[in-house]
Amino acid sequence: MVDSNVVLTGQTFAYTFYVLAIMAVMAWFAYKVTRDGKSKEIKPALFYTFVGFLVVLGVSLHIVTHETIPWKPMDLNRADIKADREFNISMADHKFILPSPKLQIVKNEKVRFNVTSSDLTYGFGLFRSDNTMLFQMQVLPGHNNDILWQFDKPGIYSIRSTEYSGPKGINMILRDVVEITE
Amino acid sequence: MSFIKTLLGGEGEFFNPNSLTPMQKLTLRFVVVGLVYYLFAVFEGMIMRVYQVTPISLINESQYFAILTAHPLVGIFGSTYSIVFGAFLFLVPFLMKKPLWSIKLGNWTMVLVAVGTFVFWFSGFVSHYSPLYTLYWPLPADFTQFSVWGGTFFITGIALVMIGTAFFVINIYKTITYTPEGWEKQPKGALIKSALGLTGLTSIFSKKKKEHLVSLPVAAIARGTVDTALNAIVILFAGILILVYMVAELFGVSLKHSTIDALLYKNFFWWGLDLIADGLVLIFVAGTWYLLATLITGKKLFMENWARAALFIEMVVSWTVWSHHLMSDQAQPGILKVLSGEMVTAFELITQGLAFFITLVTLWSGRPLKMTHPLKFLLGGLLGFALAVPAGIMQADLGLNRILHNTQWIVGPHVHVAILVGLTMTLYSAIYFLLPILTNGAKLYSEKLATFHFWAHLLGGIGMGAFMGMAGLKGMLRRTIYFEGEYSSYMILAAISGSLLLFAFLAFFYNIVMTVGIKGVIGIFMPSKLNTTDLLPAEK
Numbered sequence: 001m002v003d004s005n006v007v008l009t010g011q012t013f014a015y016t017f018y019v020l021a022i023m024a025v026m027a028w029f030a031y032k033v034t035r036d037g038k039s040k041e042i043k044p045a046l047f048y049t050f051v052g053f054l055v056v057l058g059v060s061l062h063i064v065t066h067e068t069i070p071w072k073p074m075d076l077n078r079a080d081i082k083a084d085r086e087f088n089i090s091m092a093d094h095k096f097i098l099p100s101p102k103l104q105i106v107k108n109e110k111v112r113f114n115v116t117s118s119d120l121t122y123g124f125g126l127f128r129s130d131n132t133m134l135f136q137m138q139v140l141p142g143h144n145n146d147i148l149w150q151f152d153k154p155g156i157y158s159i160r161s162t163e164y165s166g167p168k169g170i171n172m173i174l175r176d177v178v179e180i181t182e
Numbered sequence: 001m002s003f004i005k006t007l008l009g010g011e012g013e014f015f016n017p018n019s020l021t022p023m024q025k026l027t028l029r030f031v032v033v034g035l036v037y038y039l040f041a042v043f044e045g046m047i048m049r050v051y052q053v054t055p056i057s058l059i060n061e062s063q064y065f066a067i068l069t070a071h072p073l074v075g076i077f078g079s080t081y082s083i084v085f086g087a088f089l090f091l092v093p094f095l096m097k098k099p100l101w102s103i104k105l106g107n108w109t110m111v112l113v114a115v116g117t118f119v120f121w122f123s124g125f126v127s128h129y130s131p132l133y134t135l136y137w138p139l140p141a142d143f144t145q146f147s148v149w150g151g152t153f154f155i156t157g158i159a160l161v162m163i164g165t166a167f168f169v170i171n172i173y174k175t176i177t178y179t180p181e182g183w184e185k186q187p188k189g190a191l192i193k194s195a196l197g198l199t200g201l202t203s204i205f206s207k208k209k210k211e212h213l214v215s216l217p218v219a220a221i222a223r224g225t226v227d228t229a230l231n232a233i234v235i236l237f238a239g240i241l242i243l244v245y246m247v248a249e250l251f252g253v254s255l256k257h258s259t260i261d262a263l264l265y266k267n268f269f270w271w272g273l274d275l276i277a278d279g280l281v282l283i284f285v286a287g288t289w290y291l292l293a294t295l296i297t298g299k300k301l302f303m304e305n306w307a308r309a310a311l312f313i314e315m316v317v318s319w320t321v322w323s324h325h326l327m328s329d330q331a332q333p334g335i336l337k338v339l340s341g342e343m344v345t346a347f348e349l350i351t352q353g354l355a356f357f358i359t360l361v362t363l364w365s366g367r368p369l370k371m372t373h374p375l376k377f378l379l380g381g382l383l384g385f386a387l388a389v390p391a392g393i394m395q396a397d398l399g400l401n402r403i404l405h406n407t408q409w410i411v412g413p414h415v416h417v418a419i420l421v422g423l424t425m426t427l428y429s430a431i432y433f434l435l436p437i438l439t440n441g442a443k444l445y446s447e448k449l450a451t452f453h454f455w456a457h458l459l460g461g462i463g464m465g466a467f468m469g470m471a472g473l474k475g476m477l478r479r480t481i482y483f484e485g486e487y488s489s490y491m492i493l494a495a496i497s498g499s500l501l502l503f504a505f506l507a508f509f510y511n512i513v514m515t516v517g518i519k520g521v522i523g524i525f526m527p528s529k530l531n532t533t534d535l536l537p538a539e540k
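For the record, the sequence lines run as chains A and B.
Quick note on the working numbering: the first sequence kicks off at 1 and runs consecutively.
Quick note on the working numbering: the second sequence kicks off at 1 and runs consecutively.
In case anyone wonders, no lab produced these hints; they're calculated from the structure.
None of the values given here were measured: they were computed from a predicted structure.
Even glycine gets a Cβ: it sits at the ideal position worked out from N, Cα and C.
Possibly wrong hints are sitting among the right ones.
Which stretches of chain B does chain A cover? Using the computed rule of at least three CB atoms under 8 Å from a CB of chain A, they are [unchecked claim]: (1) 25-39; (2) 316-322.
Using 20 Å as the maximum straight-line C-alpha spacing, the simulated SDA-like pairs for lysine to any residue come out as follows [unchecked claim]: (3) A:Lys-168 - B:Leu-58; (4) B:Lys-474 - A:Thr-12; (5) A:Lys-38 - B:Ser-57; (6) B:Lys-185 - B:Tyr-133; (7) A:Lys-95 - B:Tyr-133; (8) A:Lys-168 - B:Lys-185; (9) B:Lys-193 - B:Ile-170; (10) B:Lys-300 - B:Phe-94.
Kindly generate the complete structure, drawing on both the sequences and the hints.
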C-alpha cells in the first residue's frame with residue numbers, strides 16, 4: 001500500500017506549485033491593472049469556461065484520490081472486508097488500554113483496530129519514530145470506532161491521542177507499541 | 001505639528017468627533033472595539049507562537065490551553081463580528097438610502113458583543129476554562145479538569161455575544177423591510193425575496209430582466225445574516241445544553257456520556273458552527289469584494305445576476321457542508337462523508353472561485369486604477385482566499401483527511417490564511433475606504449505606515465500559515481504541547497512571521513490613533529451632539 005508520506009509529498013508538490021502560480025497571477029494582475037490603456041470587454045464565455053474548469057477540478061480531486069490512495073476505498077468498504085487480525089482497544093481517564101503490551105502484526109496483514117471510549121472524545125493515531133503520522137481517527141464515547149489498515153512493510157509505531165481532551169491529553173502517548181514484522 | 005499635539009488632536013486636527021452623527025459614532029465604536037480585541041488576539045497568538053517554540057515555565061499547561069481556547073473566539077466574536085457588524089449596520093442603510101431601523105439597538109449590539117467577549121475571555125483567563133476543541137464544545141462535559149463556575153461564566157459571555165448578534169440580525173432585516181416616515185409603503189415580501197437572492201436566481205432564466213429592489217452588497221449582507229442567525233441559535237442551544245450539565249454537576253448529578261449521543265451532538269454543533277466559516281464568512285466576504293470593486297472602479301459588477309445566484313447557492317451549500325468536520329469520525333455514515341463532506345465542500349471552490357473571478361474582472365474593467373490602500377488590501381484579501389480555499393478542499397478529501405485532520409495544516413494554510421490574509425485584509429480594505437467617510441474627512445497620519453502595514457501583514461500571514469502547514473504535513477498536531485523541540489525549526493519560522501503580523505497591526509493601530517487623536521477616540525464614545533438619524537452630517 002502506498003505510504004502516507006508519499007501521498008503527503010505529492011500533495012506538497014501540487015499545493016506549492018499552485019501557490020506559486022496564483023501568487024504570480026495576482027502580482028501580474030496588480031501590475032497590469034494600474035497600467036495605462038483601456039481594457040477590452042471580457043466575454044461571458046470566459047466566465048462559463050472558468051466555472052466549468054472549477055467544477056472539473058473540484059470533482060476530479062476526489063476521483064483521483066479514490067483511485068490512487070488505497071486506504072480511501074478500503075475505509076469506505078471496511079464493513080465488508082474481512083480483517084486478518086483485530087485489536088480491541090479501550091480508552092478511559094486519558095489512558096489507552098491495549099489487549100497486550102505490544103501489538104504484533106505481520107507484514108501485509110489487514111488489521112482492524114476497534115477503539116472505544118467510556119468517558120470523553122479522544123483521538124487514535126499511529127505515528128512513526130520521526131513523529132510523522134501514518135493514520136488517525138476520532139474516538140467518540142458511545143460508539144465503536146474502527147479503522148482498517150494494511151501494513152506492507154516492517155516498522156515500529158507509537159500510538160497517541162490526536163484529539164484535544166483537556167490538558168491531560170498531552171500525555172496520551174504509548175511509544176513504540178505497534179510492531180510490524182516480516 | 002508637534003508629536004503630542006498630533007497624538008491628542010489627530011493629524012492636522014481634521015477629525016472633530018463633535019461633527020459625527022449618531023450613526024457615524026455607532027460604526028466607529030464598533031471599529032474601535034473590534035481593533036482592541038484584534039490586539040488581544042494578536043498578543044495571545046504571539047504567546048502561543050513562543051510557547052510552541054519552547055514551553056514557557058511562566059505559563060502552565062492549563063493556562064496555555066485557556067489562551068488557545070479564547071484566542072479564536074476573541075478573534076471571531078470580539079474582533080471580526082464587531083468590525084463586520086459596525087460596517088454593515090452603516091452600509092445597509094447607506095446603500096438603501098434610508099436610516100437604520102434602530103440606532104439604539106445597534107448600540108446595544110456593540111455593548112453586548114464587547115462585554116460578552118470580555119466576560120468569556122476573562123473567565124477563561126482566571127479559571128483556565130478550556131474544554132473547547134478549538135471552537136467545538138464536546139459532550140460529555142468534563143468537570144474533572146475544568147471548573148464548573150468558570151464554565152458558567154464562559155458560556156454566559158458567549159450567550160451575551162449571541163444575544164447581541166440576534167439584535168444585529170433584527171436590525172438588518174428591519175432596515176431592509178421597514179418604511180421610514182414620509183416614504184411610500186415598502187413592499188416587505190418583495191424586498192425579502194430580492195435580499196435572499198430568489199429574484200436574482202429566477203432572472204437568470206427569465207427573458208424579461210427586472211430591476212432588483214435590493215443592491216447586490218445588501219443582498220450579500222442579508223444572505224450572510226441568515227447564517228449568522230442560525231449560527232447564533234445553535235451556539236446558544238449548545239451553551240444551554242452545557243449549562244444543564246453544569247447545573248446538574250453542581251447538584252451532585254453527573255450527566256455522563258450516555259445522556260446525549262456524542263456523534264449526534266457533534267453533527268448538530270458543527271452544522272451550526274460551520275455556518276460561520278462556510279456561510280457567513282464566504283458570503284459576507286464575497287459581498288464586500290463586490291461592493292469594494294464597484295466603489296473603487298465606479299463600474300457595474302461583471303455578471304451580476306450570476307453573482308447574486310452564487311450567493312444564494314453559497315447559502316444552501318453552507319447549510320449542507322458540515323460533514324467535512326467529521327471525516328475522521330468512523331461512526332459518521334459514509335454517505336454523509338462523501339456527499340456533504342467531499343462533494344458539497346467542492347462546491348465552495350466553485351462559488352468562491354466565481355466571486356474571485358467576478359471581482360477581478362470588475363477591477364480589470366476599471367483600468368487604469370491607482371494602487372490605493374483599499375485596492376492593495378482588496379487584492380491581498382483575494383489572494384488570501386485563493387490560497388486558503390483550495391487548502392480546505394484538499395483537507396475535505398477522505399484520503400487526505402486521514403493524515404491531515406487535527407494537524408497544523410488545518411489551522412495554518414486553511415484557517416489562519418483564510419482569516420488573517422483573506423478576511424482581515426478585506427476588512428482593512430473596507431476600513432481604509434470608509435475612514436474618510438466615517439470621520440468627515442480625517443487625513444491618514446502616514447501613508448508609509450499604511451504601506452508597511454500591508455506588506456508586513458501579507459508576508460506575515462502567508463508565512464505563518466505556510467510554516468504551520470509544513471509542520472502539519474510532518475505530523476504536528478494542532479492542540480497539544482511538544483516538550484522536546486520536535487517542531488521547533490518550523491515554529492521559530494512561524495513565530496518570526498507572527499511577529500510581522502504583530503508589527504503590522506501595531507503600525508496600523510498607531511497610524512489610526514495618530515489620525516484621529518486620543519481626544520478623537522474618547523469623543524467617539526461620547527453621545528453625539530447631532531440629533532439626527534441621517535447617516536452623514538447634512539452638509540455632506
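Hint-by-hint comparison with the structure:
no.: 1; hint: 25-39; result: violated (count 0)
no.: 2; hint: 316-322; result: violated (count 0)
no.: 3; hint: A:Lys-168 - B:Leu-58; result: holds (19 Å)
no.: 4; hint: B:Lys-474 - A:Thr-12; result: holds (11 Å)
no.: 5; hint: A:Lys-38 - B:Ser-57; result: violated (61 Å)
no.: 6; hint: B:Lys-185 - B:Tyr-133; result: violated (49 Å)
no.: 7; hint: A:Lys-95 - B:Tyr-133; result: holds (19 Å)
no.: 8; hint: A:Lys-168 - B:Lys-185; result: violated (62 Å)
no.: 9; hint: B:Lys-193 - B:Ile-170; result: holds (17 Å)
no.: 10; hint: B:Lys-300 - B:Phe-94; result: holds (18 Å)
Consistency with the previously given hints fails for numbers 1, 2, 5, 6, 8, ordered from lowest to highest.
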